[in-house]
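2 protein chains.
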Amino acid sequence: MADQEQAVLKKLRVEPGEKIRLRDRNPRDKSLFGDEQETKAATAALAKDIDTLQDRLYAEGARALLVILQGTDTSGKDGTIRSVFNATGPLGVSVHAFGPPSRLELEHDYLWRVHAAAPRRGTIGIFNRSHYEDVLIGKVHKLAPEKVVEQRYDQINAFEKMLAENGTTILKFMLHISKDEQKERLQERLDDPAKHWKFNPGDLEDREHWDEYQDAYEIMLNRCSTKWAPWHIIPADRKWVRNAAIATIVKATLEEMDPQYPEVSWKPGDFKIT
Amino acid sequence: MADQEQAVLKKLRVEPGEKIRLRDRNPRDKSLFGDEQETKAATAALAKDIDTLQDRLYAEGARALLVILQGTDTSGKDGTIRSVFNATGPLGVSVHAFGPPSRLELEHDYLWRVHAAAPRRGTIGIFNRSHYEDVLIGKVHKLAPEKVVEQRYDQINAFEKMLAENGTTILKFMLHISKDEQKERLQERLDDPAKHWKFNPGDLEDREHWDEYQDAYEIMLNRCSTKWAPWHIIPADRKWVRNAAIATIVKATLEEMDPQYPEVSWKPGDFKIT
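Line order of the protein sequences matches chains V and X. Using the UniProt record's numbering, the letters of the first sequence map in sequence onto residues 1 to 274. Using the UniProt record's numbering, the letters of the second sequence map in sequence onto residues 1 to 274.
Note that these hints are calculated values from the structure, not bench results. The structure displayed is predicted, hence computed values, not measured ones. Don't take every hint at face value.
No distinction is drawn between identical chains; accordingly, a pair holds when it is met within one copy or between any pair of copies.
[Said to hold, decoys possible] No farther apart than 35 Å at their CA atoms in a straight line, the calculated lysine-lysine pairs in the DSBU-like style are these:
id: 1; residue 1: K267; residue 2: K161
id: 2; residue 1: K40; residue 2: K195
id: 3; residue 1: K272; residue 2: K195
id: 4; residue 1: K142; residue 2: K40
id: 5; residue 1: K272; residue 2: K30
id: 6; residue 1: K198; residue 2: K40
id: 7; residue 1: K195; residue 2: K48
id: 8; residue 1: K227; residue 2: K19
id: 9; residue 1: K227; residue 2: K48
id: 10; residue 1: K183; residue 2: K272
id: 11; residue 1: K267; residue 2: K183
id: 12; residue 1: K183; residue 2: K198
My request is simple: use the sequences and hints to build the entire structure.
Here it is, written out as structure tokens:
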């Protein structure tokens, strides 16, 4: 693994058992990367590398990569997907956005709909929000009794371990933005008529619970960063830093997976096409 | 609609009730487009227009576009998706490839798995193969009794009509390649070790049924091109012509759909972000 990749992982990955404090992480940090324009160009190159590696993953057809994106409103989940995965395109990459559960989904356990959306072998699946909402909004807004939420951390770890043991590599990214940055981004949605449809008055209510959400994120990061499904805390106030960090980690991970073109059981000379 | 768009539609769309003969359609035809390099540049621009229109479709959140790709092996279904939809990316575009039905799928009617994969409102869904396999391979290889296959054309028309009436615009593209072109493309897969994994000895068996398949395609085109879900016969021997034709039709269709940013029920002044 290249030095830069190691530096990014060392700084952003939450090691299993490590106790992090979210307030110690600076959402505006850009120290991992150099010049903005050069970094953007490097990210575009990484996106192409990811495309090539995804081709091999597809050809191999045996394993999957699951990318989980979490973060408060306006933290840039959609923008990340565009920047890191548009070069790969919709062939072999699927995005699943988790909103409030439907009535049918509520009639099952909270992991039911998540499991159903797990990526097929050979593909990259992206979760825009995920089962972690059940220990975030679920905890902050007390959508389930405390004891029930408490059990979920271990349940999630076990669920993700099962996925990993069955061929799905998992990467989890928390897009960490500051309260000031969110204010700016929400204000933009109010100021720009083309962005009005993105503004949801309910986001303001969630903003009032900012500190509780930060606490819930911190618990989640400390309890659910595992060897088989590590969390990364991404400084996301600067979009170019966010994109560069995630592209670096995704590319390094696919490279470690090292998918192989499958052996074929025939020789080209076996066939004559008439 | 621009003149060029009208010319493409007039030449490639199968009008309801029209009786086409597939052998009258030249898979190498390039008369709709001019210079190759200019056409490629125009296609890239169309792909960006499609991205912009898809954003509006997503914002509107009320309707979907379903793109159905059919064609023999090597006809370029994957290549089409890359060329026309990579600018849009996986956010808002989902691809569903239909292979041989699973055991669970066989325990249901043939449209069951297709309906389950229909695109969500606000998105573009792409079917790489589809329920039309049930009147193609199903007919040629007699996977179902003749009488059963015979009923399917009307069933499919009714199914697609229901989707259309419920907000899904449908475009169907038959990627029409010549037998010679297929020979070249299969040979490439044998000659290039990096393409070996794409070569499926079973494709050769299907190639022996070339004429029967062409007949089955012709029946499908004549019986299932409807006002609400038209077929287009795409000259696909030349990849750049294929991509240009499909990008033109997709873009014109999205423009006709004319998705709108939704009205919001508030005024920017209603909120103060603290």
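Enumerated hints in conflict with the structure, sorted upward: When the structure is compared with the hints, numbers 1, 4 turn out to be violated.
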